[in-house]
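Residues 1 to 413 (UniProt numbering) make up the sequence shown, in order.
If you are wondering where the hints come from, they were derived from the structure by calculation, not from laboratory data. Here the structure is a predicted model, which is why all the values come from computation and not from measurement. By construction, the Cβ of each residue, glycine as well, lies at the ideal position given by its N, Cα and C atoms. Possibly wrong hints are sitting among the right ones.
Simulated DEER-style distance windows between Cβ atoms [stated by the list, open to error]:
id, residue 1, residue 2, range
1, R382, T13, 50 to 58 Å
2, R216, H145, 47 to 55 Å
3, S264, E105, 48 to 56 Å
4, E40, A261, 27 to 35 Å
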Amino acid sequence: MIGIEGGRPLRGTVRAAGAKNAALPAVMASLLTTEPVVLENVPHLLDVDAAVALAQAVGKEVTWQDSVILLRGGDELAPEAPAELVQRMRASFLALGPILARTGESRMPLPGGCAIGPRPVDLHLVGLRQLGATFDVRGGMVHAHAPRLRGTTVYLDYPSVGATEQLLLAGALAHGTTTVVNPAREPEVVDLGWLLSAMGAEVTWHEDRVTVWGQRTLGGATHRVIPDRIEAGTYLLAGAITRGEVTVEGARPDHLDALLAKLSEAGARVETNGDRITVGVEGRPEAVNVQTLPYPGFPTDLQPPLIAFLATARGRSTARETVFASRFNYVGALAQMGAQVQVSGDTVLTDGVETLHGAEVEATDIRAGAALILAALAADERTAIRGEMHIARGYADLPAKLRGLGAEVWATG
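Model the full structure from these sequences, guided by the hints.
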């Protein structure tokens, strides 16, 4: 359980960690080679722990020191990943393509992860099938076979992050070139492309497509994971909701254009200088409307924290969720804290109140947990948040970082 005594303006500087959503596919990319892959700026998170454990379970040797991971070996990969790891964290399903490309077969349970509505892997399987894979899905298991994947052009009906990453990973060892039309363009996907290029599979981006040149074998590489734009945005919102001023250093301001625009629209002072972003708020912010979209649109992972911030804004805010269905699990908990929020279809309506109140609430997923922490920081009483394991999946050293900004935060149990 996480306890927070709210009502303290947060001030100071915090450093952005490496991006979880870039580190996870990077670990899976190491399965494509027997040569050493060194990943720098890796965050210490439960989800990364699970990805590393999966890599070890299928045959990789892993050394993790501070924020650097060395993955090597794996001359003979096991074709089946442990069910408990894949079902714990959906990014583990990205191991399907690399293992299939290396061994000609792969057995993978259907993935788990956050409870934020259906997130099917159909696009992964449709794309891999076009590369020559065959599938037998039964009993919650995916059985895949392919003597040698062959590059082709794959059109995605939706720019899915996971499907784009899966096809880049598999295409890196396919015969010929693989082109994904209508790919996801999130910074984390582009970061995976840089790693694959460093390993020998050239990845090039064009206006509406991305192409990977497959190789018979790939080499090793040293790669620095990009900063976590979602973590950075969460800390900026923490400063904003408490009417303080927070600077995030080691960030990529260009990855947060949508959030910074909405904060400016709400009346916040936003400054960028190199890898530093500063956000300050005085008085109540103004209501804004937002719609989540694939990058470069507003990120779905920042929708819950933004709504927490807007819970004390002046006027009515609306947020339409177009990426993940049912991503409003946190709304009931915010209402317990005094927020005037209601869900109408794919939209959450927020009528700002002057003050939030402490309560005992529960986080149901990573970003719901972030929203509740932000609300607790602004509340006029003590808040207890259960489900802290969800938060630990996405935020490294969160209590310590918040204390460094002046928050009164503690962990119990």
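Check each numbered hint from earlier against the structure, then list the numbers of those it violates in ascending order.
1 and 2
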